[in-house]
Structures are given as structure tokens and as C-alpha cells.
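From just these sequences and the hints, can you work out the full model?
Top line first, the protein sequences correspond to chains C and U. Read the first sequence against this note's numbering and you will find it ends at 258, with the numbers running on by one and no gaps. Read the second sequence against this note's numbering and you will find it ends at 419, with the numbers running on by one and no gaps.
Hints are computed from structural coordinates only; laboratory data are not their basis. The C-beta atom is built at its ideal place from N, Cα and C for all residues, glycine as well. Treat the hints with care, since some could be wrong.
Calculated pairs, PhoX-like style, for lysine-lysine (alpha carbon to alpha carbon, straight line, at most 20 angstroms) [to be verified]:
| # | chain 1 | residue 1 | chain 2 | residue 2 |
| --- | --- | --- | --- | --- |
| 1 | C | K245 | C | K220 |
| 2 | U | K314 | C | K199 |
| 3 | C | K161 | U | K314 |
| 4 | C | K76 | U | K314 |
| 5 | C | K63 | C | K123 |
| 6 | C | K52 | C | K220 |
| 7 | C | K199 | C | K76 |
| 8 | U | K295 | C | K161 |
| 9 | C | K220 | C | K199 |
| 10 | C | K52 | C | K199 |
Which bits of chain U does chain C cover? Going by a derived footprint, with three or more residues having C-beta under 8 angstroms, they are [unchecked claim]:
| # | segment |
| --- | --- |
| 11 | 298-308 |
| 12 | 334-345 |
| 13 | 381-389 |
Label-pair restraints from in silico Cβ distances [what the hints assert, rightly or not]:
| # | chain 1 | residue 1 | chain 2 | residue 2 | range |
| --- | --- | --- | --- | --- | --- |
| 14 | U | S389 | C | E228 | 23 to 31 angstroms |
| 15 | U | H349 | C | Q79 | 16 to 24 angstroms |
| 16 | U | K295 | C | N223 | 37 to 45 angstroms |
| 17 | U | A363 | C | Q240 | 45 to 53 angstroms |
| 18 | U | A339 | C | R185 | 44 to 52 angstroms |
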Amino acid sequence: MNKTNQTSTRREFLRQSALTCGTTVASMAVIALILPDDAYAAGTTSEYDWDKHRWVYLIDTRKCIGCGSCARACRKENQVPEGMYRTWIERIAIPPEGEVHVDSPYGGEHGFEPDPPNAHVRKSFFVPKLCNHCSNTPCTQVCPVGASFETNDGVVLVDPKQCIGCGYCLQACPYGSRFMNPHTRTADKCTLCYHRITKGLPTACVQACPVGARQLGDRKNPNDPVNEILATQRVQVLQQQLLTKPQCFYLGLDMEVR
Amino acid sequence: MEPASSLKHTKHIFRVSFLLGFVLIVMILSRGLFVPKSWGQYGWYRGDAVPEHRAKPVVHGGDQSCRECHEDQYDLREEGAHVGVRCEGCHEPVGSHVINGEMTAPMFIPASFELCTGCHRRLAARPDDFSQVNPQQHLEDNEMDLTDTVCTECHDPHSPF
Chain C
1 MNKTNQTSTR REFLRQSALT CGTTVASMAV IALILPDDAY AAGTTSEYDW DKHRWVYLID
61 TRKCIGCGSC ARACRKENQV PEGMYRTWIE RIAIPPEGEV HVDSPYGGEH GFEPDPPNAH
121 VRKSFFVPKL CNHCSNTPCT QVCPVGASFE TNDGVVLVDP KQCIGCGYCL QACPYGSRFM
181 NPHTRTADKC TLCYHRITKG LPTACVQACP VGARQLGDRK NPNDPVNEIL ATQRVQVLQQ
241 QLLTKPQCFY LGLDMEVR
Chain U
259 MEPASSLKHT KHIFRVSFLL GFVLIVMILS RGLFVPKSWG QYGWYRGDAV PEHRAKPVVH
319 GGDQSCRECH EDQYDLREEG AHVGVRCEGC HEPVGSHVIN GEMTAPMFIP ASFELCTGCH
379 RRLAARPDDF SQVNPQQHLE DNEMDLTDTV CTECHDPHSP F
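Pasting the structure below:
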């Protein structure tokens, strides 16, 4: 009797388990079929063809005055959290002998302190920096969940909905262009103002620059002035030896700039 | 003693197959639920992330949007040395002032010593051909005292010379 009871209980248990599992799976399937995956699914891409663009960036360090307008505009345009920088400006001072001095107080956002009175450095200049949107970028390669990716028009983006905040990409970027957003706890970086450039507007930093030190270029537009500069002038990229193929080009860079 | 039958384990094989099939179905259905629908649309990432980035609001409207109401200041700046300086560079983004053609808040009017010297204080790192002064020296030369709005007493920020 005891034995029969036991068998019956086990059978009952298995049956109920199977029923529960079956119901769960069935309801999950129904939810998966009914639930719209995303509010933005389809649409909004009709007026922009990303196969017709290849974005690049050009910085003329000989023009930069270190005013910080770009960094301020970036913060306001993209709601960048305080203390974090998607773009910043470094002041490089290279004496004839001795150590190179680099400073970037608050990312250069509020300008720069006056030179110390005893600083007689004749080789000094500003270098604005941002994500280099490398075409062979290590940051997207290390992402374990596919939250970092490169668009067909050459912009490296982060999908905050997929990002798990592991921080591998922060370590992989040799330029320090990424940071952990303290509000979303996901990786954050320059989007090359993807919401602007895909509407035909310049990035916020390019628009803000009062001296034209920053320029946005489109390699697929033959009439783009940036293409003319890249074709005729001597440009450099940061840390070329890392073979990341940066798409942010510099004019007037010194070998001491990393 | 029962004779050995090849059909002896049929029941067990059926059970195992049923279990494996069940697990497979669960996996397929779970994948349908947990993997975003647009995954792999363009590559190994969620395709919808692209239109989501594109849909973010534009905050800086550019000089032309300021011109719609402030043509006088726009034209004045256009003829002066500050032609390259964007309205929103010194003021605030147009999004903080006008939304859909309706004024939502007054525009910030900056005219501070700090704002002017942020660009025009003499620094070794600045290009030589850029207009810059030693603020203390400049004030002494013109016999003026340092106040927050001292620059705009002589210079019109929209057309400084």
C-alpha cells in the first residue's frame, strides 16, 4: 500500500511539473509573439541610407585655442554626466629637455589656467580628443554580449539596453575614450552625435568650435572639404602602432602626443 | 527466466527522446523570448539600437534657429570678428529656451570676465595669430578695474571690434 502511494505521488508530481512547465513555455511563447520587441522597430531609417556615408573626423591642433566650447556643447547635447567626458582637451607642453607636461583640468571644459610665470615652454599646444571610431577597434571585439558595435557608416556605438556593464571595453580602448555611466551603469562613449549626423547636422562639438579646429567628414562624399585635406595634407592618427585604424585624423600633431 | 528482447528498452528510449525534444522546444521558445527580435539584423548586435540612437533629441539648433527671432544680433555677429562663434557657444542650447516654436524659458545672457578670458586670455598653447591679451595688463593699460562685466563695457560681444 505504502509503495503504491509513493508511486502515485511521484506520478502526480511529474504530471504537475510537466503541466507547469508546459504552461510556462506556452505563455512565454505567446508573450514573445505578441509583445512588440521595440517601440522604434522599423521606420526612422527611410530618409537616411548609411551605405552612402562613411564618417571621419579631422582635428587641426594648430587652430585649437583650448576654450572648451566643444566639451561643454557635448555635455549639453548628450546629457553627459558630470565628471565624465565624451570629448576633452589636453594641453601639451614639450620643453627642449625633460618631461612632457600634459594637463586637462575638468577635461578642459572650463578652459585652462594661465601658464605658470616660470614656464618658458615654446612648444605648447592643445589636443582635443574623443573616440577615434577605429575601423579595427578592440572595444567592440571584447564585448561579450554584442552591446558594442560599428555601424555601416563607421560609427562605434554602445547599445545601453544590451550592455551588462562589465567594463571590458573600457580597458580595451587604448585612448581612454570610454567611461562607465554612473546613472545607467553601462559603458558610455562618443556617438559622433549619431542623432545629428544622420539628420544632416554637424556634431555638437564641430558646430561649437569657434575656430574650425574640428571638422566632420564623409569619405563617400567627393565634395567634402575634409576629403580634400586628407588627400593633400599630412595627417596623423593617435597611437598608429596599435593598428586600430583610427578614423579621427590630426593635423599638426607632435610625436610626443599619445 | 525471461528471454532477452530487443524491445526491452523501447520505453526508456521513448522517455529520453521525449525529454530531449522537450528541452529543445524550451530552448527554442526561450530564445524567441530572450533574444531581441532585431538581433543580427546588421551584425552581431541588436539592430534596433541604431534607430534608437538616431531618435535622440537634437539639443543644439544652430545659428539659423536663433536667427528666426534674433536677426539683428545674428547679422551683427555675422559682420564682426565673432563670426565663427556659435550663438549657443556663449548662450545656452536653443532647446533650453524654445521648444516647438514656443518660448519655455528666458535665454541665458552671459557677459562675464571669465567667459571672455576663457578664449582670449594669453596662453602659450594658443596659436600666435589668435586674438589674446594678458587680462591684468589689458585692464591696466585702459585704466579700468576688474569687474565681472568689465569686458562688455568696451567690447560688444556680438561684434567685439
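Cross-check of the supplied hints:
For the hint linking K245/C to K220/C, the alpha-carbon distance of about 17 angstroms falls within 20 angstroms, and the restraint holds. A C-alpha spacing of about 11 angstroms is found between K314/U and K199/C, which places the hinted pair at or below 20 angstroms, so the restraint holds. A distance of roughly 15 angstroms separates the Cα atoms of K161/C and K314/U; the hinted pair therefore holds under the 20 angstroms criterion. Between K76/C and K314/U the CA atoms are separated by roughly 13 angstroms; this keeps the pair inside 20 angstroms, and the hint holds.
The hinted pair formed by K63/C and K123/C meets the criterion: a straight-line CA distance of about 14 angstroms does not exceed 20 angstroms. The straight-line distance between the Cα atoms of K52/C and K220/C is roughly 6 angstroms, inside the 20 angstroms bound, and the hint therefore holds. Our distance criterion of 20 angstroms between C-alpha atoms is met by K199/C and K76/C, whose separation comes to about 18 angstroms. Note on K295/U and K161/C: the hinted pairing holds, with a Cα-Cα distance of about 13 angstroms set against a maximum of 20 angstroms.
A distance of roughly 16 angstroms separates the Cα atoms of K220/C and K199/C; the hinted pair therefore holds under the 20 angstroms criterion. For the hint pairing K52/C with K199/C, the CA-to-CA distance comes to about 13 angstroms; that is within 20 angstroms, so the pair holds. Beta-carbon proximity to chain C at under 8 angstroms applies to 8 residues in the segment 298-308 of chain U; the threshold of 3 is reached and the given coverage holds. Counting residues of the segment 334-345 of chain U whose beta carbon lies closer than 8 angstroms to any beta carbon of chain C gives 4, which reaches the threshold of three, so the coverage claim holds.
Under a criterion of three residues with beta carbons nearer than 8 angstroms to beta carbons of chain C, the stated coverage of the segment 381-389 of chain U is upheld, 6 such residues being counted. At roughly 28 angstroms, the beta-carbon separation of S389/U and E228/C lies within the given 23 to 31 angstroms, and the hint holds. At roughly 18 angstroms, the beta carbons of H349/U and Q79/C sit within the given window of 16 to 24 angstroms. Between K295/U and N223/C the C-beta distance comes to about 39 angstroms, which sits within the given range of 37 to 45 angstroms.
In this structure the supplied range 45 to 53 angstroms holds for A363/U paired with Q240/C, their Cβ-Cβ distance being about 47 angstroms. In this structure the hint that A339/U and R185/C lie 44 to 52 angstroms apart at CB holds, the actual value being about 45 angstroms.
This entry satisfies every hint, going by the numbered hints stated previously.
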